[in-house]
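Produce the complete structure using the sequences and hints provided.
Okay, here's what each chain looks like letter by letter:
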Amino acid sequence: MSILENLKNTGDWSIRYGLWDKLFSGDHLFQELLGLGPDRIDNAVMTIEQINATAQEDDKRPEWEWITAQCLMTCAQVAYLRERTPERLLQLLSKISPQAQIPANLDSNWQDFVKTGLYHLLWPEPLSPEWAWDAVASFGKTPRRVLKRVKIAILLLENNVGITADLTLELIEEGRGTLYPNPETMSFVLYGENFWQSEQNAIAFLQEEKLWPKTTDVRWMITRKSHEAMFEINGGSAGGAFALGLAKLLDAEL
Amino acid sequence: MTHKRSRPIQISPQKAQELSKHFRMVTQAPMSAHLSEDQFIGYVTGDLNEEEMLEVDRHIEVCEDCGTQIEHLAANAMAWSASEGKRRIQELRKQALNNLKKQEVLDLSFLGELALQIRSLLLGTNLAHGTVQAATEEKKYFRQSEQWSCYLDIDKRGNYILRISSHDVNLEGTQLRLVSKNWQREITLNRVDPNQVGAKVVLSPEDLTKMPQGQDFSVELIRQGPAPE
Numbered sequence: 001m002s003i004l005e006n007l008k009n010t011g012d013w014s015i016r017y018g019l020w021d022k023l024f025s026g027d028h029l030f031q032e033l034l035g036l037g038p039d040r041i042d043n044a045v046m047t048i049e050q051i052n053a054t055a056q057e058d059d060k061r062p063e064w065e066w067i068t069a070q071c072l073m074t075c076a077q078v079a080y081l082r083e084r085t086p087e088r089l090l091q092l093l094s095k096i097s098p099q100a101q102i103p104a105n106l107d108s109n110w111q112d113f114v115k116t117g118l119y120h121l122l123w124p125e126p127l128s129p130e131w132a133w134d135a136v137a138s139f140g141k142t143p144r145r146v147l148k149r150v151k152i153a154i155l156l157l158e159n160n161v162g163i164t165a166d167l168t169l170e171l172i173e174e175g176r177g178t179l180y181p182n183p184e185t186m187s188f189v190l191y192g193e194n195f196w197q198s199e200q201n202a203i204a205f206l207q208e209e210k211l212w213p214k215t216t217d218v219r220w221m222i223t224r225k226s227h228e229a230m231f232e233i234n235g236g237s238a239g240g241a242f243a244l245g246l247a248k249l250l251d252a253e254l
Numbered sequence: 001m002t003h004k005r006s007r008p009i010q011i012s013p014q015k016a017q018e019l020s021k022h023f024r025m026v027t028q029a030p031m032s033a034h035l036s037e038d039q040f041i042g043y044v045t046g047d048l049n050e051e052e053m054l055e056v057d058r059h060i061e062v063c064e065d066c067g068t069q070i071e072h073l074a075a076n077a078m079a080w081s082a083s084e085g086k087r088r089i090q091e092l093r094k095q096a097l098n099n100l101k102k103q104e105v106l107d108l109s110f111l112g113e114l115a116l117q118i119r120s121l122l123l124g125t126n127l128a129h130g131t132v133q134a135a136t137e138e139k140k141y142f143r144q145s146e147q148w149s150c151y152l153d154i155d156k157r158g159n160y161i162l163r164i165s166s167h168d169v170n171l172e173g174t175q176l177r178l179v180s181k182n183w184q185r186e187i188t189l190n191r192v193d194p195n196q197v198g199a200k201v202v203l204s205p206e207d208l209t210k211m212p213q214g215q216d217f218s219v220e221l222i223r224q225g226p227a228p229e
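Residue numbers (our numbering), protein chains in the order written: chain A, 1 to 254; chain B, 1 to 229.
Do not take every clue at face value.
[Said to hold, decoys possible] Which stretches of chain B does chain A cover? Using the computed rule of at least three CB atoms under 8 Å from a CB of chain A, they are:
(1) 146-153
(2) 157-169
(3) 190-196
[To be verified] A few chain A residues facing chain B, derived, Cβ under 8 Å:
(4) Trp13
(5) Ser14
(6) Glu232
The set of hints was computed from the structure by calculation and includes no laboratory data.
Cβ coordinates follow ideal geometry from the N, Cα and C atoms, glycine included.
Encoded structure:
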């Protein structure tokens, strides 16, 4: 039985909020949404929103997690839309940003129309239009195409303990030169300031050196060698690994 | 309707003396006071001294309420005296002891069940090399029974979170002590839902190393119900 089904069926506080914690770790929410399809998505979103609304303060998700979850759920709703109209799309995107705007007329194919809508939206940091489009494409079973992939071993700090992990960088076609985390596995990982800064330094270096063509994106993910879910990443040493990995990934494109 | 005037009553000198004695006692007795509980019990059990007994005698002669109460007490006391009374007391004692034993068995199963659930969840953890693995990998992350439900999983900080809950809201405020080999933690069951009580226990990796696998885990009752104000 899935986490969402268990959540719906249990009346016990301990199990409900234990499962609730679990839903917001690793790729669990993503996998649950992926398994729903158009018939069940709206009910599932309603259930999740209701549980969060009725949770005691201590059981509510941290704000950044809840925002990420809402964005991920909206991406799934967009991907599963049956009523493919600009009004319905705008209604969904307005949940992310009340200022959302999309063209009034559907003058391109639906996929391009949705992509444009997502790219015009101001996504809450650290999420990005590329992250959202990747999620929508995955939920819609038309994942973004990977042109090339590199994997390098890195050492990270998690809860002040050193762990060995793999950094995977994937060159994605039809992009605009953006580095973004894999929405499937990295959405509920908390990045420390050092890590975030080192990633930005790596991007700045590659852009200064004009090594990164603006027609592709790079999707990254970090996985533990032990294959356990990542929770929090800290430490600045990842910056070097990002620079090295990106250079290796993009070199072939030059 | 006419009223007949009653004729004067003829009384003997003895009767007059008796009446006069009664009259004196009525004027001596405190009219508003009743016997105290100690006086009742002392009178029925014969524990009062002569003067105190006399005082009670005088009072009940003029106070109908206290007289009736003394009669009831005396009648009840009779039921518990002599050999028949002793037999009754022994029967009652036996019954009370049986009830106590039943209560102990109930408490044991009530808290023992919780201990068993927590222990089985902890057995799903792996502490090899000082690291903890999510019990969820073995699908052992929750336990349910009639009385309790428990959930154990690892959180984002690397701690285990143990949640305990019960639908018995009478347990609100109850304090329990979770005990393992070299570890113990006191918890209070609070209202976590309109119809449930529960507690969230954070177990650090250090806590888990103090409760090795296979070790007994027990739950003790510190206090049932909320703390007195």
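Hint-by-hint comparison with the structure:
Residues of the stretch 146-153 of chain B with a Cβ under 8 Å from some Cβ of chain A number 5, which satisfies the need for three, so the listed coverage holds. Coverage of the stretch 157-169 of chain B by chain A holds in this model, with 7 residues showing a Cβ closer than 8 Å to a Cβ of that chain against a need of three. Counting residues of the stretch 190-196 of chain B whose CB falls under 8 Å from any CB of chain A gives 3; the rule of at least 3 is met. Interface restraint check: Trp13/A against chain B, minimum CB-CB distance 4 Å, threshold 8 Å, status holds.
For Ser14/A, the shortest C-beta to C-beta distance to chain B is roughly 4 Å, which falls under 8 Å, so the interface hint holds. For Glu232/A, the interface hint holds, the least distance from its beta-carbon to any beta-carbon of chain B being 6 Å, beneath 8 Å.
Hint compliance for this structure: no hint is broken.
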